[in-house]
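Colleague: These protein sequence lines map, in sequence, to chains H and G.
Residue numbers for the first sequence follow my numbering, beginning at 1 and rising by one.
Residue numbers for the second sequence follow my numbering, beginning at 1 and rising by one.
It should be emphasised that the hints constitute simulated quantities derived from the structure, not laboratory data.
Do not rely on the hints blindly, as some may be mistaken.
[Claimed, not checked] With a straight-line Cα cutoff of 25 Å, these simulated BS3-like cross-link-like pairs (lysine-lysine) come out:
1. K41/H / K71/G
2. K5/G / K41/H
3. K37/G / K9/H
[Claimed, not checked] Restraint ranges, calculated between C-beta atoms of paired labels, are given here:
4. K71/G / T20/H: 21 to 31 Å
5. T51/H / M29/G: 18 to 28 Å
6. S69/G / I3/H: 38 to 48 Å
All residues carry an ideal CB built from backbone N, CA and C; glycine is no exception.
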Amino acid sequence: GGIITQTPKFLIGQEGQKLTLKCQQNFNHDTMYWYRQDSGKGLRLIYYSITENDLQKGDLSEGYDASREKKSSFSLTVTSAQKNEMAVFLCASSIRRGSDYTFGSGTRLLVI
Amino acid sequence: GQQVKQSSPSLTVQEGGISILNCDYENDMFDYFAWYKKYPDNSPTLLISVRSNVDKREDGRLTVFLNKSGKHFSLHITASQPEDTAVYLCAAGAVQGGSAKLIFGEGTKLTVSS
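Start from the sequences and build out the full structure, keeping to the hints where you can.
Modeller: Below, the structure written as structure tokens:
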């Protein structure tokens, strides 16, 4: 079976810092996604990519950049961390557009 | 506006009873519907999904009902057990239309009491 791995699991950053989150999958899935989960707000889409070198903005893309240099990996950058920000960032992949997702275990971000 | 909505933030059911989780959507183009389960401090995992060409799908204790005219789908869990206690997220997307993304609801916290 395959696996989707997010690194780091925990990330503590400082206000204004640029922070990068990584996601790797070995399912050979075409499509990858980054979602943000805040308490009481469900999952909100930040960026997604339907193939290598493709990037599509989600509803929450402002303040983020993304990179899909290889089919197996999808990175997310917080361009300027906001003080007191606390959220879980979830990476997911699917074999086809919009079909069943497999999620990574998440990166928990805290900005001090 | 919120395209996928779970109007009940929480639900409590007695062990052995039927848990019914509901989800409403706005977009007529949605043709893929799914339910995910999430334990605290864990990621969501897919429970069951359906395409719009069916109005019901069963898998063990789980049944998804799809009401396209009412833009509503639900998850029924029969013989509910304490280990079913979790947050349930519904999701929908317009796959046939070429969209690659799913829109998630905010989740319903199900508690099964023994």
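Colleague: If a hint holds in the structure, say so; if it doesn't, say that too.
Modeller: Do the hints match the structure? See the list:
As the CA atoms of K41/H and K71/G are separated by approximately 21 Å, the hinted pair is consistent with the 25 Å bound. A C-alpha spacing of about 11 Å is found between K5/G and K41/H, which places the hinted pair at or below 25 Å, so the restraint holds. Between the alpha carbons of K37/G and K9/H the distance comes to roughly 20 Å, so the proposed pair stays at or under 25 Å and holds. Between K71/G and T20/H the Cβ separation comes to about 39 Å, which falls outside the hinted range of 21 to 31 Å.
In this structure the supplied range 18 to 28 Å holds for T51/H paired with M29/G, their Cβ-Cβ distance being about 22 Å. The hinted range of 38 to 48 Å is satisfied by S69/G and I3/H, whose Cβ atoms lie roughly 40 Å apart.
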